[in-house]
Amino acid sequence: DSGVTQTPKHLITATGQRVTLRCSPRSGDLSVYWYQQSLDQGLQFLIQYYNGEERAKGNILERFSAQQFPDLHSELNLSSLELGDSALYFCASSASSGSTARYNEQFFGPGTRLTVL
Amino acid sequence: SQQGEEDPQALSIQEGENATMNCSYKTSINNLQWYRQNSGRGLVHLILIRSNEREKHSGRLRVTLDTSKKSSSLLITASRAADTASYFCATDEGSYIPTFGRGTSLIVHP
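Going down the list, the protein sequences come from chains A and B. Each residue of the first sequence is one higher than the last, beginning at 1438 in the numbering used here. Each residue of the second sequence is one higher than the last, beginning at 45 in the numbering used here.
So that you can see chain A by itself, here it is in the shape it has in the complex (with noise of 0.2 Å):
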């Protein structure tokens, strides 16, 4: 058990709707990144977040938005879902950021396996 919880495990929806998926980091980790994962395109970086700010983007879509809340936790919003959303998303927490996390492991949640209909 890593420590980094995400709910739900599962999401099922059509096209077309918004979902949001959770995330709550490690005890005591400031930065939380979101990954997607899918069979075409490996695992992808979306966005990070340290203490609540914005601190990386990746290969996010502009119609995908995130949050990391003052408890730390983080969301992850997909709007207008198409069927290629469908992937594994994966939340990451680690201690720090910046320079310095460049040697910190992360630690990953379980995921969320999301499925457009």
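Do not take every clue at face value.
A partial selection of chain B residues facing chain A, derived with a Cβ cut-off under 7 Å [as the list claims (entries may be wrong)]:
#1 Arg80
#2 Gly86
#3 His89
#4 Leu90
#5 Ile141
#6 Phe144
Derived from the structure by calculation, the hints contain no laboratory data. Here a beta-carbon is modelled for each residue, glycine too, at the ideal position from N, C-alpha and C.
Given chain A's structure and the hints, the job is docking chain B onto it.
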């Protein structure tokens, strides 16, 4: 886009044999990490090797790093059926955000 690329894509061995996976990357790095992912589960950190290190051990795992060749290898000795998983390398090329490859799928037959 993937920076670290693992090779082979898939590997099938018998229990007790050694498994070697390779990772190649494109630009200079500060560190390289290896992760394991059991089917449908989250990634688990295995080992981090810094750019000024050449070899690291952790239990049955041995990681080497050759910065001149921009490559790393992960050796699992005396493999077990429980080692069946996908293995990913992650590099921090140009950024502190680890960039993952597509992984090597390892199957260890009992």
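Hint by hint, here is what the structure shows:
no., hint, result
1, Arg80, "10 Å, violated"
2, Gly86, "4 Å, holds"
3, His89, "4 Å, holds"
4, Leu90, "9 Å, violated"
5, Ile141, "5 Å, holds"
6, Phe144, "4 Å, holds"
Hints 1 and 4 from the earlier list are contradicted by this structure; the remaining hints agree with it.
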